[in-house]
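Trainee: The primary structure of each chain is shown beneath.
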Amino acid sequence: MKKTLGELAELVGGTVIGDSSVIIFGISKIEEGLPGTISFLANPKYKKYLSETKSSAVLVPKTVTKAAVSLIQVDDSYLALRNIALYFHPPAETSKHFVHPLAHVEKNAFLDPPVHVEAFAYIGKNVQIGKYSHIGAHSYLGNEVKIGECVYIFPGVTILKNCEIGNNVLIHSGTVIGSDGFGYAKDGSKYLKIPQTGNVVIADNVEIGANCTIDRASIGSTRIGKGSKLDNLVQIAHNVEIGENTVIAAQTGISGSTKIGSNVIMGGQVGTAGHIEIGDNTILGGRAGVTKSIPPDSFFFGYPARDHKTMKKREALLNRLPGMYEKIKLLISKSEESKSS
Amino acid sequence: MKKTLGELAELVGGTVIGDSSVIIFGISKIEEGLPGTISFLANPKYKKYLSETKSSAVLVPKTVTKAAVSLIQVDDSYLALRNIALYFHPPAETSKHFVHPLAHVEKNAFLDPPVHVEAFAYIGKNVQIGKYSHIGAHSYLGNEVKIGECVYIFPGVTILKNCEIGNNVLIHSGTVIGSDGFGYAKDGSKYLKIPQTGNVVIADNVEIGANCTIDRASIGSTRIGKGSKLDNLVQIAHNVEIGENTVIAAQTGISGSTKIGSNVIMGGQVGTAGHIEIGDNTILGGRAGVTKSIPPDSFFFGYPARDHKTMKKREALLNRLPGMYEKIKLLISKSEESKSS
Amino acid sequence: MKKTLGELAELVGGTVIGDSSVIIFGISKIEEGLPGTISFLANPKYKKYLSETKSSAVLVPKTVTKAAVSLIQVDDSYLALRNIALYFHPPAETSKHFVHPLAHVEKNAFLDPPVHVEAFAYIGKNVQIGKYSHIGAHSYLGNEVKIGECVYIFPGVTILKNCEIGNNVLIHSGTVIGSDGFGYAKDGSKYLKIPQTGNVVIADNVEIGANCTIDRASIGSTRIGKGSKLDNLVQIAHNVEIGENTVIAAQTGISGSTKIGSNVIMGGQVGTAGHIEIGDNTILGGRAGVTKSIPPDSFFFGYPARDHKTMKKREALLNRLPGMYEKIKLLISKSEESKSS
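Protein chains in written order, with our numbering: chain H, -12 to 328; chain P, -12 to 328; chain U, -12 to 328.
Don't read these hints as lab results, they were simulated from the structure.
Where hints are given, some of them may not hold.
Since the list gives no way to pick one copy over another, a pair counts as held whenever it fits inside one copy or between any two copies.
Unchecked claim - Calculated pairs, EDC-like style, for lysine to aspartate or glutamate (alpha carbon to alpha carbon, straight line, at most 16 Å):
no.	residue 1	residue 2
1	Lys94	Glu131
2	Lys246	Glu264
3	Lys112	Asp99
4	Lys213	Asp174
5	Lys173	Asp62
6	Lys112	Glu131
7	Lys173	Glu231
8	Lys173	Asp63
9	Lys177	Asp267
10	Lys180	Asp191
11	Lys177	Glu231
12	Lys246	Glu231
13	Lys133	Glu93
14	Lys41	Glu18
Start from the sequences, fold in the hints, and give me the full structure.
Mentor: Laid out in structure tokens, this is it:
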């Protein structure tokens, strides 16, 4: 696959500065640029590489107007990168129906062809799988699981009974969907398991990272809304509900029955209490420990998480603590002096 | 399956307020109540739904004495919910011996019938599996592993050589038991692996969530005591010992050789140092970072974790920091005024 | 397997104090010592067991000069333990070529014999596996994956397409290598996936714990350097680069494009921002939350992570906050008194 720089510029609606006729075969990192490839600049930290790169061209925001190397100026470097990456690395497509002879498919499962099933996949009773979907090796779809169209299940995913996955969903390896919620009744000092009778419902266009755990509801459904994206090792407890287009970075944990709004952005290693609400459009900084509900359009971080202005002020005061301590000592010694004088 | 409200009240030792003859077919969430089902109220946050729910009945604590909907009053709503959920959703039982032809069972493994083994399960040499146990698809039982009776291994669990699992244990998908502890000797700047020669021993009635990691001991055994419950993505390092009826919420990590007592409650995302002891009946708040041993009957949180009274006081003082800072500035300006006057 | 204490001392270059002729059959923990075994003492916390242990001998540092039990004095107890443990528990070796009939190996995969492949392993197209390597049950090697010599892949590991693993690497169960990085372009409120076109490259002598996630680079390679060791449940985001002989404890997460130096030591549950650099020889305490680059030879902890001296001072001042608050109140009341007087 190859295109001239001019053709790539056309593909992404950008403007060439330099030689439009140079031929591009692929993508490389600006700091490890290779001749014949195009690189990408968005983070200003990497601007220094613009003069050094061995790439044949660089995708840049419009603020960059010249360089030793040919450029494509674009409005949004990430969107342009995405489209160029899609050109050079088109996603695998399921175009012909194939079930590997070493897959296990229960007789009354319904696969709407074409579906691609790899070796050692396990497909339970009454499972439904939509057209163009891919079920990776060592994946497990429990009884009654429903999988939409154009779903890509990477190898080693476990989806337990009754769970429902929408269309155009990607689920990465090692993720478990529909494990039991953590619910017990106490009988003296013993914990008795409360049957977790619900399921997990994942809407269209969701992507879920590797080794995540999404527990089934005790009653009803744990829900992840349309277009939301979860990174790796994320824990979603029973009865959590997540809105649309919400992104959650790695190692975050959401406790039971908490509701996360739409267009929320959560950094990595965030944790929330259970039975709270995080409003729409809220941003939670990495490592935030959320103990109470947060209104929409907030920006919180820290533990216990608070508004970013409050937290920044607190951090500034903590830096001044040594000075405050010295001043108090000085005031006390003065006050004692003045008393004794 | 169905029962009248009166029969359900009898099942849970409760009192009907309203119509005992109404027929109940299942369970639903109070906020998404369905006619013909019973809902459940324990958390006062959800009390508002009592007047709105479309459920035919609600399980309530004795403090709730009337509502538009029929009620069953009980002493302990969680225990009552458990018993009703068990009635409508009885757990799967292994009643007939079945080994899927696509499972791999070494010839000298001993399965005490009835045992249920799903497709693609791997059962190593000299493995012993007790009666009524279930081994899920894609699960791996290494050589010499011992599994008790009535154990339910969900799909995709890995139990490595020599580990021992008691009776009535549940292990959720993706969990790894018996991975090597993180132990090295240093040789100059290189790390040389210390062979991890021990195993993991899990007592009766334990439940372990999804994608947990429980490392084998370097020497001896990593132990999880009777009736303890671990949520998802919990890390238990080598030589850790956990007592009985201890509950550990998701994403918590216990460092090597630490001893956790019995009846301990640990919130999510807790971390502990190695070689310390957490006493019986202690509560660790979510996100606690425990750097030292903690006596029995404590309630600690924060990082470094301290007694909850100390931590609450500190938090209150941190909220007053801006005021303290202003007052110090004022005192200084006054003191300078008085000097210059 | 057995040796006299004198022979074991020779093996580890130590000095016997006591009876050299006692026969040792294995290893036991000092606090659960067994006759006929040797125990190990390094942590002074366990010194009290020296007089009580039922072991026949104890490996000790040179500072311990006598005890009721026979001793081997050594310079480095961990190194000596390692060598004795290796004697009693030699690691499994792949000496004959074996591919289980229930493994799936694509025809054009190249296995350089001897290689050991367990049941239900999946080996994709053009995969290369070096001599003496072991591929555990339920492991997945995607197309074009390269595995070096003497590599041990535990059961249930997923290595996705194009990733490269060096020689003498150990990868524990449930770990996913080459999952997609978490990268999106925004189009209005929607997130569009940016194809993750790179791979993961793991150098020689690396060990990776259980249930880790190591994402492929968006462009180029995510890299883990020679001799580095990762504990369980560690998250390595796309384009991270880790140097040589760096150790990372459990549940730590490294955000995208961050560069970690060589000989770095990271405690458990550490988190770092993306696009930063952690210098060589730096130590990050457990739970550190790193928001900015850190120079070489540093020792940082806390959140936001700072130099340990600064953090210890801060912690000391936080402990004095109640006193400071009282003193300020006193100063104010005095100042008001003096004004009114």
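Trainee: Hint by hint, say whether it matches the structure.
Mentor: Hint check results:
1. In the homo-oligomer, the alpha carbons of Lys94 and Glu131 lie at most 16 Å apart inside one protomer (13 Å), although the nearest pairing across protomers, at 34 Å, exceeds that limit.
2. In this assembly of identical chains, the alpha carbons of Lys246 and Glu264 lie at most 16 Å apart only when taken from the same copy (5 Å versus 36 Å across copies).
3. Within a single copy, Lys112 and Asp99 get their C-alpha atoms as close as 15 Å, which meets the 16 Å cut-off; across copies the closest is 27 Å, which misses it.
4. When the C-alpha separation of Lys213 and Asp174 is checked against a cutoff of 16 Å, the pair qualifies only between copies, where the shortest distance is 15 Å, while the shortest distance within a copy is 40 Å.
5. In this homomeric assembly, Lys173 and Asp62 come within 16 Å of each other (Cα to Cα) only across copies, at 12 Å, whereas the closest approach inside a single copy is 58 Å.
6. Taking the closest pair of Cα atoms, Lys112 and Glu131 come within 16 Å of each other only inside a single copy of the chain (6 Å); across copies the shortest separation is 32 Å, beyond that limit.
7. Taking CA atoms no more than 16 Å apart as the test, Lys173 paired with Glu231 passes between copies only; the shortest distance there is 14 Å, against 36 Å inside one copy.
8. Proximity of Lys173 and Asp63 under a CA criterion of 16 Å is satisfied inter-copy only: 9 Å between copies versus 55 Å inside one chain copy.
9. In this assembly of identical chains, the alpha carbons of Lys177 and Asp267 lie at most 16 Å apart only when taken from different copies (14 Å versus 39 Å within one copy).
10. Proximity of Lys180 to Asp191 under the C-alpha cut-off of 16 Å is restricted to the inter-copy arrangement: shortest distance 14 Å between copies versus 32 Å within a copy.
11. Taking identical chains as interchangeable, the C-alpha atoms of Lys177 and Glu231 lie at most 16 Å apart only when they sit on different chains, with a minimum of 9 Å there against 39 Å within one chain.
12. When the C-alpha separation of Lys246 and Glu231 is checked against a cutoff of 16 Å, the pair qualifies only within one copy, where the shortest distance is 12 Å, while the shortest distance between copies is 33 Å.
13. In this homomeric assembly, Lys133 and Glu93 come within 16 Å of each other (Cα to Cα) only inside a single copy, at 14 Å, whereas the closest approach across copies is 30 Å.
14. Proximity of Lys41 and Glu18 under a CA criterion of 16 Å is satisfied intra-copy only: 8 Å inside one chain copy versus 60 Å between copies.
No hint from the list above goes unmet by this structure.
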